[in-house]
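2 protein chains.
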Amino acid sequence: MKKHNFGAGPGILPETVLQQAAAAVLNFNNTGLSILEISHRSKEFEAVMEHARTLVRELLNVPEGYEILFLHGGASTQFAMVPWNLLKTKAAYIETGVWANKAIKEAKMLGEVEVLASSSDKNFSYIPKGYKIPTDVDYLHITSNNTIYGSEMHSFPECPVPLVCDMSSDIFSRPVDVSKFGLIYAGAQKNMGPAGATLVIVKKELLGKTGRKISSMLDYQVHIDGESMYNTPPAYAVYVCMLTLEWLKNLGGVSAIDKLNQEKADYFYNALDRMPAFRGTIAKEDRSRMNACFLLNDSSKEEAFLQKAKEAGIVGIIGHRLSGGFRASLYNALPLESVKVLVDVMGTMC
Amino acid sequence: MKKHNFGAGPGILPETVLQQAAAAVLNFNNTGLSILEISHRSKEFEAVMEHARTLVRELLNVPEGYEILFLHGGASTQFAMVPWNLLKTKAAYIETGVWANKAIKEAKMLGEVEVLASSSDKNFSYIPKGYKIPTDVDYLHITSNNTIYGSEMHSFPECPVPLVCDMSSDIFSRPVDVSKFGLIYAGAQKNMGPAGATLVIVKKELLGKTGRKISSMLDYQVHIDGESMYNTPPAYAVYVCMLTLEWLKNLGGVSAIDKLNQEKADYFYNALDRMPAFRGTIAKEDRSRMNACFLLNDSSKEEAFLQKAKEAGIVGIIGHRLSGGFRASLYNALPLESVKVLVDVMGTMC
Numbered sequence: 073m074k075k076h077n078f079g080a081g082p083g084i085l086p087e088t089v090l091q092q093a094a095a096a097v098l099n100f101n102n103t104g105l106s107i108l109e110i111s112h113r114s115k116e117f118e119a120v121m122e123h124a125r126t127l128v129r130e131l132l133n134v135p136e137g138y139e140i141l142f143l144h145g146g147a148s149t150q151f152a153m154v155p156w157n158l159l160k161t162k163a164a165y166i167e168t169g170v171w172a173n174k175a176i177k178e179a180k181m182l183g184e185v186e187v188l189a190s191s192s193d194k195n196f197s198y199i200p201k202g203y204k205i206p207t208d209v210d211y212l213h214i215t216s217n218n219t220i221y222g223s224e225m226h227s228f229p230e231c232p233v234p235l236v237c238d239m240s241s242d243i244f245s246r247p248v249d250v251s252k253f254g255l256i257y258a259g260a261q262k263n264m265g266p267a268g269a270t271l272v273i274v275k276k277e278l279l280g281k282t283g284r285k286i287s288s289m290l291d292y293q294v295h296i297d298g299e300s301m302y303n304t305p306p307a308y309a310v311y312v313c314m315l316t317l318e319w320l321k322n323l324g325g326v327s328a329i330d331k332l333n334q335e336k337a338d339y340f341y342n343a344l345d346r347m348p349a350f351r352g353t354i355a356k357e358d359r360s361r362m363n364a365c366f367l368l369n370d371s372s373k374e375e376a377f378l379q380k381a382k383e384a385g386i387v388g389i390i391g392h393r394l395s396g397g398f399r400a401s402l403y404n405a406l407p408l409e410s411v412k413v414l415v416d417v418m419g420t421m422c
Numbered sequence: 073m074k075k076h077n078f079g080a081g082p083g084i085l086p087e088t089v090l091q092q093a094a095a096a097v098l099n100f101n102n103t104g105l106s107i108l109e110i111s112h113r114s115k116e117f118e119a120v121m122e123h124a125r126t127l128v129r130e131l132l133n134v135p136e137g138y139e140i141l142f143l144h145g146g147a148s149t150q151f152a153m154v155p156w157n158l159l160k161t162k163a164a165y166i167e168t169g170v171w172a173n174k175a176i177k178e179a180k181m182l183g184e185v186e187v188l189a190s191s192s193d194k195n196f197s198y199i200p201k202g203y204k205i206p207t208d209v210d211y212l213h214i215t216s217n218n219t220i221y222g223s224e225m226h227s228f229p230e231c232p233v234p235l236v237c238d239m240s241s242d243i244f245s246r247p248v249d250v251s252k253f254g255l256i257y258a259g260a261q262k263n264m265g266p267a268g269a270t271l272v273i274v275k276k277e278l279l280g281k282t283g284r285k286i287s288s289m290l291d292y293q294v295h296i297d298g299e300s301m302y303n304t305p306p307a308y309a310v311y312v313c314m315l316t317l318e319w320l321k322n323l324g325g326v327s328a329i330d331k332l333n334q335e336k337a338d339y340f341y342n343a344l345d346r347m348p349a350f351r352g353t354i355a356k357e358d359r360s361r362m363n364a365c366f367l368l369n370d371s372s373k374e375e376a377f378l379q380k381a382k383e384a385g386i387v388g389i390i391g392h393r394l395s396g397g398f399r400a401s402l403y404n405a406l407p408l409e410s411v412k413v414l415v416d417v418m419g420t421m422c
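These protein sequence lines map, in sequence, to chains A and B.
Using my numbering, read the first sequence as starting at 73 and increasing by one per residue.
Using my numbering, read the second sequence as starting at 73 and increasing by one per residue.
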C-alpha cells in the first residue's frame with residue numbers, strides 16, 4: 073500500500089530522488105563503485121559537493137560575500153558553533169520553542185544572552201512580535217519554523233545586527249532574502265535530504281572577530297578554507313541533498329514549491345477549521361506551513377483516529393510529546409494527494 | 073569490468089552490504105518507506121541503532137563499564153572531543169603522522185601536551201618505541217594505524233594512564249583488548265561503513281573530571297545520556313555500519329577477518345619484497361596491514377604502472393601526496409583476489 077509520510081523528520085523525500093539515491097549505492101555515475109566507497113577527494117565526489125553548493129546558491133539566490141558549507145553534526149552542533157564563532161560579549165535570542173531553547177543554552181556557555189521575547193507563556197503557540205532589537209548585541213538568533221509546536225515566522229524582523237536563523241524545518245520551502253541574514257543554518261533531514269548533513273550559509277565578513285581559539289571542527293573559517301571538505305564530509309548525505317536540490321530546481325525552484333506548499337497548507341488548515349471535531353493549536357497567523365499541529369476535541373477518540381489513519385497508509389502523525397495530539401508535516405516532497413487522504417480520514421471523525 | 077577498490081577511505085564495502093543498503097533506500101524493512109525518510113525515533117530505527125551498538129560490543133568483546141556511541145563529525149571531531157572531555161592539565165601524545173599531528177593541535181588549545189615520541193625525523197616511516205610514559209598525564213593518545221604513511225602499531229604500550237586510541241583505519245581488522253584502553257574512536261569510512269558516522273567506545277569512569285563546561289555536542293556524557301541519539305543521528309551511515317558489522321559477524325568476527333587480513337598482507341608484502349622494481353616505504357616490522365605504501369624505484373615508470381593498473385580494474389592506488397608513490401589499502405572488505413590482481417600487474421613492471 074502507498075504510504076503517506078507525514079513524519080516530522082527525517083521526513084519524506086521525492087520518489088525520484090530515492091530511486092537515484094538507491095542506484096548510486098550500487099553503481100555511482102558508472103564508476104563501477106558505490107557512492108559509499110569512493111574517495112571524497114575523487115573528481116566524481118568533488119563534483120557532487122561543488123554541485124550541491126552551487127544549487128544552494130542558485131535556489132536561494134545567495135549573494136556574493138556568503139559562503140555555503142555542508143557540515144557534519146546537525147543543527148544541534150550549530151547551536152554551539154554560532155556562539156563559538158560570533159558571540160563576543162552578548163547575543164539576543166527569540167525563544168519560540170525547544171530548539172530555540174537549546175540554542176540559548178549553548179550560547180550561555182560562551183557569553184551573555186538576552187532573550188528578547190518568548191512565547192513560553194502559552195506553550196509556544198505563537199510567534200512573539202513587537203520586540204525591540206538592541207544594537208549592542210553581536211547577533212539576533214531566531215528559529216524560522218518550530219517543528220515541535222508548529223509555528224512559523226511568516227516574516228522576519230528588520231534587524232540592526234546580524235540576523236542568525238535556524239531554518240532546519242522550512243529552508244527551501246519558500247523564497248528568502250539571504251542578504252537580510254548574517255548566518256542561516258539547517259539540518260538536512262526535513263526539506264533537503266537525509267540526516268547527517270547540515271547546511272550553513274554564512275556572511276564571511278562576520279567571522280574572525282571574537283578573538284576566541286576555536287576547535288577546528290567548530291570553526292567556520294576552517295571549513296571555508298577547506299571548501300567544505302576540511303575532513304571527510306558526510307558524503308552520501310551531501311549526495312542525496314544534491315539530488316533533492318536538483319529535483320527542486322527542475323520543479324521550478326523555491327517560488328514554485330512556495331505555491332505548492334501554500335496550496336497544501338491552505339487545503340489542510342481550511343479543512344481543519346471546518347471540522348468541529350478538531351482544532352489547531354497555534355495562533356492562526358503563525359501557523360506553520362511545514363508542521364500542522366492539531367488536536368481532537370474528544371481525546372478519547374485519538375486511538376480510533378490513528379487506527380483509521382494507519383489503514384489509509386498515513387505514517388508519522390502522532391504529535392511530539394511536548395505538544396500532544398497530532399502533527400502533519402507537509403514538507404516539500406509531500407504531495408497534495410497525501411494531504412487529501414489525511415483530510416478525508418479526519419472527515420470521518422466529524 | 074569488475075573494479076578492485078584499493079581506496080584509502082571512504083573505502084571498499086562488502087558487495088552484500090551494498091545490496092542491502094541500496095534496497096533499504098527504496099523500502100526499509102518492509103515499512104514501505106525509505107531508510108532515508110523514517111524517524112530516528114521510530115521503533116524500526118531505534119532497533120538499528122541498538123543493534124549496531126550491540127554488534128560493536130559483541131565483536132570487540134567490550135567489557136562492562138564502557139559506553140558505545142555512534143556520533144557525527146568524523147575522527148576530526150574526536151581530536152577535539154578527547155581533550156575537551158579528558159584533558160585537565162596535561163596529556164601525552166605519540167606523533168606518528170598527519171592525523172596524530174592534528175589531534176595534538178586540538179589538544180594544545182585546551183592544555184599542555186607532551187609529545188613523548190615522534191617518527192617525524194624519518195617522514196613517519198616507523199612506529200616509535202621504547203618511550204617512557206609519565207604517570208602525571210591525564211591520558212596517552214596514540215594512532216593505531218597511519219592511513220597516509222602506512223605504518224601500524226602491532227602491539228600497544230603498557231600504559232599507566234588511560235590509553236586513548238584513534239583506530240579509524242584498522243578497527244575491526246583484528247582482535248583488540250578493549251579493557252586496556254580508556255577510549256577508542258574511529259571514523260566509519262574504512263572498515264566499518266560509509267563516511268558520516270564515528271564510533272566511540274569510552275570507559276565511563278573517566279568522564280566528568282575536568283570541571284570544564286562543554287558544548288553539548290562535544291560532551292560524551294550528553295551522548296551517553298541520550299543513548300547515542302541526543303540529536304538526530306547520521307541515520308543511514310549508522311545503518312550501513314550495522315550491515316557491515318553483521319557481515320563481519322557472519323564471517324566469523326574479528327579473529328576470522330584477522331586471519332584473512334594477515335593472508336592478504338603477507339601475499340602483498342612478500343610479493344613486494346620479491347620485486348626489484350618496487351620498494352616499501354615503512355620499516356618492515358611496522359608495516360600496516362591496512363594501507364601498504366610502496367614506490368617504484370624508477371619513478372619515470374609510474375604513469376605506465378598506473379595505466380596498466382587501470383586496465384586491470386584497479387582503483388585508488390595513487391599514494392597520498394605526503395608519502396608519494398602508491399598505496400594499496402587492504403581493508404576488511406577487499407578480497408584476496410584483488411590483491412592478486414594488483415600483484416600480477418606489479419609483476420609486469422619487473
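It is possible that part of the hints are untrue.
Each pair may be met inside one copy or between any two copies, as identical chains are not told apart.
For lysine-lysine, the following DSBU-like pairs were computed, each having C-alpha atoms within a straight-line distance of at most 30 Å [what the hints assert, rightly or not]:
id, residue 1, residue 2
1, K380, K115
2, K194, K162
3, K412, K115
4, K331, K162
5, K115, K382
6, K177, K276
7, K160, K285
8, K281, K160
9, K162, K252
10, K380, K204
11, K180, K285
12, K75, K115
13, K174, K115
To be clear, the hints were calculated from the coordinates, so they are not data collected in a lab.
Against the structure, the hints:
1. Taking CA atoms no more than 30 Å apart as the test, K380 paired with K115 passes between copies only; the shortest distance there is 20 Å, against 50 Å inside one copy.
2. In this assembly of identical chains, K194 and K162 lie within 30 Å of each other by CA distance solely inside one copy; the values are 27 Å within and 49 Å between copies.
3. Taking CA atoms no more than 30 Å apart as the test, K412 paired with K115 passes between copies only; the shortest distance there is 27 Å, against 44 Å inside one copy.
4. Proximity of K331 and K162 under a CA criterion of 30 Å is satisfied in neither setting, with 39 Å inside one chain copy and 58 Å between copies.
5. In the homo-oligomer, the alpha carbons of K115 and K382 lie at most 30 Å apart only across protomers (16 Å), although the nearest pairing inside one protomer, at 45 Å, exceeds that limit.
6. In this assembly of identical chains, the alpha carbons of K177 and K276 lie at most 30 Å apart whether taken from the same copy (25 Å) or from different copies (24 Å).
7. For a Cα distance limit of 30 Å, the shortest separation of K160 from K285 qualifies both inside one copy, at 12 Å, and across copies, at 17 Å.
8. Within a single copy, K281 and K160 get their C-alpha atoms as close as 8 Å, and across copies as close as 28 Å, so both meet the 30 Å cut-off.
9. In this homomeric assembly, K162 and K252 come within 30 Å of each other (Cα to Cα) only inside a single copy, at 20 Å, whereas the closest approach across copies is 45 Å.
10. In this homomeric assembly, K380 and K204 never come within 30 Å of each other (Cα to Cα): the closest approach is 47 Å inside a single copy and 69 Å across copies.
11. Proximity of K180 and K285 under a CA criterion of 30 Å is satisfied in both settings, with 17 Å inside one chain copy and 11 Å between copies.
12. In this homomeric assembly, K75 and K115 come within 30 Å of each other (Cα to Cα) only across copies, at 17 Å, whereas the closest approach inside a single copy is 37 Å.
13. When the C-alpha separation of K174 and K115 is checked against a cutoff of 30 Å, the pair qualifies only between copies, where the shortest distance is 25 Å, while the shortest distance within a copy is 38 Å.
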